[in-house]
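Participant: Okay, here's what each chain looks like letter by letter:
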Amino acid sequence: MHAWIEFGSGPLFRLCFALMLLGLARIVVLTIIGMVEAYLRNDDKIINWRELIGKTVSWLFPIAKLLKKRPVYSLVSFLFHIGLILTPLFLAAHLLLWEKSIGFAWFAIPQSLADYLTLIVIVCGLTLFLMRALYGPARAISRKQDYIWPLLLVIPFLTGYMCVNGRISPATYQWMMLIHIFSGNLITVMIPFTKIAHCVLTPLSQLVTGIGWKFPRGAGDKVIETLGYKDRPTWVEQPRLGLEKVTTVEKEAAEK
Amino acid sequence: MNRVRNFKLILWMIIGLGAAVATARFMFGLGAVTNLSDRVPWGLWIGFDVMSGVALASGGFVLTATVYIFKLDRFHSIVRPAILTALLGYIAVAVGLLFDLGLPWNIWHMMIYWNLHSPLFEVGWCVMLYLTVLLLEFFPVPAEKYGFLSKIRGFLTKLRLPLVIAGIALSTLHQSSLGSLFLIMPYNVHPLWYSPIMPVTFFISAIGLGLMMVTFESLFTGWLYRREQEVDLLERLGAAARWVFLLYLAIRLGDLAVRDQLGHLSGGEWQVKMFWFELVIVAIIPTVLLFIRAVRRSAAGLMTVAITGVTGIVLNRINVGGLVHINRGETLYLPAWTEIVITLAVIAGAALVFLFMAERFKVWEIQPVDPDADPIKMPEFHPVDSSWLGKPEIVARTKYSLGFIIAAAVGFALLSGEPLESRGVDPVPAQQARGGDTLWIDGNLDGYGVEFLHVRHWYRSGSGESCVECHHMNLPLDRNSGCYHCHSDMYLPADAFRHDWHSSPTGGKLACHECHQKGVVRAVESAKKCDECHNDLIPSEASIEVEQYMAVSYADAMHHLCIDCHTKEAVPRENPDLPRCTTCHKGQRDIIDATVLDSDRRNLTGKRTLLPPIHQE
Amino acid sequence: MKAILTDTTKCIGCRECVIACKTRYKLDNSIPRRWSAEDGLTARNWTSIIERPDSKYVRKQCRHCIEPACVSACPVNALQKNKDGAVVYDSSKCMGCRYCMMACPYGIPRYDWDRQVPYVRKCILCAEYISDGKQPACTEVCPTEATIFGERDELIAEAHRRIKANPGKYINRVWGEHEVGGSQVLYISDIDLSFLTYGQPLGDKPLPDRTASAMHAVPYAFVGMGSLMAGIGWVIGRRMKNEEGGKDKPEGEENE
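Chains as they are written, first to last, in my numbering: chain F, 31 to 286; chain R, 51 to 667; chain Z, 8 to 263.
Take these hints with a grain of salt, some might be off.
As the list claims (entries may be wrong) - Listed below are the simulated DSS-like cross-link pairs for lysine-lysine, each with C-alpha atoms no more than 25 Å apart in a straight line:
hint, chain 1, residue 1, chain 2, residue 2
1, R, K568, F, K130
2, R, K121, R, K208
3, R, K121, F, K130
4, R, K208, R, K412
5, R, K412, R, K201
6, Z, K88, Z, K100
7, R, K412, R, K121
8, Z, K248, Z, K17
9, Z, K17, Z, K212
10, R, K618, Z, K33
11, F, K225, F, K174
12, R, K208, Z, K248
13, R, K559, R, K578
14, R, K579, F, K130
15, Z, K88, Z, K212
16, F, K225, F, K85
17, Z, K88, Z, K33
18, Z, K100, Z, K90
19, R, K449, F, K225
20, Z, K248, R, K121
21, R, K579, R, K568
Since the hints were made in silico from the structure, they are not lab data.
With these hints in hand, go ahead and build the complete structure from the sequences.
Facilitator: In structure tokens form, the structure reads like this:
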């Protein structure tokens, strides 16, 4: 048991943490490269930088926008995010681990505040899950990971709370700690590969939209015309092609 | 059809692993990631990356000589890849050297502090100059794609002959000087290898290796890109190479005969076997095979010869570079996996640049088609992201970067072990002192230790309850616990507290708050001291202040305890020899070090413990 | 030229010299590392006492050769022989190639394998003290005068005097008088000291001489090889021109 806990907080954590950091760096770099390429390819696009930056900043704090439309949802979501970010990073017990592994740490939040934040996260997480499951329009645009994530995020908070307040724990401290560590590792490693990647991609999303969609009128046709690709499918069109057309392209390629 | 892409993916993963190891190399020093030691200062990185790397890149000067000096124009089509291989090979050598040098940021000192007596100085300068020459020789190839560079290109093309001549002369110098490096070690290098004509043998084998390397590179890339392999040309190279190998064989054996060392050839030592193995694969097998026409004319045959010959000469460089040195004592150096990873990563990087150049510029007469750059290829569906990856370039980028980060993360996880944390100190469990009234104290059981007159010490310190003068902390329910119980490692501090026992269902079922205060972070600083519960743990008259939870190393504990008291007692007993090493270590071996009595604990404390370290003043 | 004479018959193995050396240069505590050699010399132990059978003690330290291989090998002049003859190390010049460690016939230089910024470490004959007319730390503290400091000529004379006075006691040899050109750390002994060079007898020829011939050949090899190549190229080019005679320009130069 103890060896597993050591493994989970030692090599396994380092693996997951390295994957998270590198993975996040990777998607940021890939996104920026893609944006630069798209921009260079269509440098006739009209991009209103002021508007874009303004939008980006306002979406970093979406609470004001959403408060009017869906006040309960936005409030719950906001609280959820606060607890989600503050607690793992500033919990005093975690900071000791930081100090042990990387040699330095930062200020901690009081234990009682951490306790309340944890409870808030648990409650908010469950609420978000229920709201998504019960609200028809939300359900319509939800994928599997949208349901799984709120529940998965709650697990380490729940077990962590039980570790600190052993009285309500259904199993021993070691079991709770084991689940806490392994679920935490799982979350860490999944961050860059799922929608949680919005933690670094949010500042870029408005920019991507801007570069992706602000075409001058009729630009697409002109591009195809200029390139002389009128009668030939290019890669841009490919995803929308029907099956028959795909096979013809492949046949053509094979014939060549 | 994805041969190229899979190959590149593997290369990227190796580089990712290498990136993790490189981080550890520069953060923790050479000792953390290599098996080098004071006895084996040069290892794989010098033997392979540098010495073999330079030799492997000799194809450049051999082929430029063939084409531009001897004017054998039929080889023209393989000159460009050979120059590119040489260029990248030398860059790889420089990069590999940066890992091996202890102070790589000082590498430029070679340019300002001249020591004309040092062969290494000469090698360094020649490599620098030849790298410049190679850059100038290769520059026209990428330049032909860009119109605005045509003037420089024209100028360099006119300069080609002088450049080629300079390149050959420089290569001659440093290929042979790599042999001169070892002339200064007549007593280290095994007599089967040490010879005053090492510069000559190094130069000749470099020519052979250059021919083999060109063959290998041409055949391999031909396979990779499904290009037509230039077997007819390579056959001629092979035909030339067999004479080089024969010459090499004759010189090696003739040199042994002249130096009267033939007697060494029959011994049973591993060095002798190594010598024969090396000679067989470096010269005998390739020569014999190359004299068979059918072998020379088949790609598979040429590939076999190339791989054998290249392996053999690389082995020769590694042998001379340190493996067969005599003065290494009993220790046999084998490279650590981290060393191998760095080596592979450097090669992988060079290979990637080669492929990049070959796909974009006219390195071969017929430029290979990059399957990733095929414009009519369909976008790929990515099952993990559940999204379309777009055009092939983007697919490649996505996959390579994924491979890179996964490999790097695995590297970080594998590296985070004891070898890094203990800084080269192997854990040595301390053993109980043995004996009765007289104890024999040698915690690591190496036979060297201290004969400790236990009863006399007890008697002299006042007998009776004077045990507590030394026995400062006991295990629960115990009266005089042995030192090794808590100071459980010879040279590393140890954890004297068992947390998992105190709160486990099989041990003490203590609730957290029984030791840790409520509302405070549960750490060792805020926890109860051991003796608050175990009130018999520390004797009341103990003369030593106990650092609870953490125990210093056995060696430190013993020295601290004994020497402190001996120093104090030296004055009243008027015996200045009392605190000296030899008072206790009588006629026995030095216990490595007895000067700094109290170890620098901050360097090591907490590295092997379950708990966060205790803060020390 | 200064020198140290160590008479192993007088050494009682008390290690006062080791302690004095470590104290003077504030060398860290050293514990057995994976990379330590078994003779006790480490980057933090510049001298050591080797125990031989029958309670014989031999002090090992840098021999300060008169023509040192390490000085000749160092490509950046980081190792130098100063006016007193001490082989001293300039850490600001060193680039860490460790050629000196390879070149030393006695296997003396040690390396900071565990440091981020590693240096070569060895005995420097207390260079800054002896230039002030003081003694090295080790000879200063030796309680039995087993290791003494003085002018090299006088010490060699003294060594021969001792051997002559006690022919049965000593082996008739002054170690360091002639080996590889002689050294400034001399030994007289009643036991064979060839274990200091791994059982190999050292010749009298200084090691730098062995590379010197190869190094002297460098300019000639460069010019020779260059002119040989130029000559061959010219001859072959001319012959090809003659053969092709009336035909067009020869291929080669401009064609590519």
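Participant: Compare the structure with each hint and give your call.
Facilitator: To see whether the hints hold, each was checked on the structure:
no.: 1; hint: R:K568 with F:K130; in the structure: 23 Å, holds
no.: 2; hint: R:K121 with R:K208; in the structure: 16 Å, holds
no.: 3; hint: R:K121 with F:K130; in the structure: 66 Å, violated
no.: 4; hint: R:K208 with R:K412; in the structure: 19 Å, holds
no.: 5; hint: R:K412 with R:K201; in the structure: 18 Å, holds
no.: 6; hint: Z:K88 with Z:K100; in the structure: 15 Å, holds
no.: 7; hint: R:K412 with R:K121; in the structure: 21 Å, holds
no.: 8; hint: Z:K248 with Z:K17; in the structure: 82 Å, violated
no.: 9; hint: Z:K17 with Z:K212; in the structure: 30 Å, violated
no.: 10; hint: R:K618 with Z:K33; in the structure: 23 Å, holds
no.: 11; hint: F:K225 with F:K174; in the structure: 11 Å, holds
no.: 12; hint: R:K208 with Z:K248; in the structure: 19 Å, holds
no.: 13; hint: R:K559 with R:K578; in the structure: 16 Å, holds
no.: 14; hint: R:K579 with F:K130; in the structure: 21 Å, holds
no.: 15; hint: Z:K88 with Z:K212; in the structure: 19 Å, holds
no.: 16; hint: F:K225 with F:K85; in the structure: 20 Å, holds
no.: 17; hint: Z:K88 with Z:K33; in the structure: 23 Å, holds
no.: 18; hint: Z:K100 with Z:K90; in the structure: 19 Å, holds
no.: 19; hint: R:K449 with F:K225; in the structure: 19 Å, holds
no.: 20; hint: Z:K248 with R:K121; in the structure: 12 Å, holds
no.: 21; hint: R:K579 with R:K568; in the structure: 16 Å, holds
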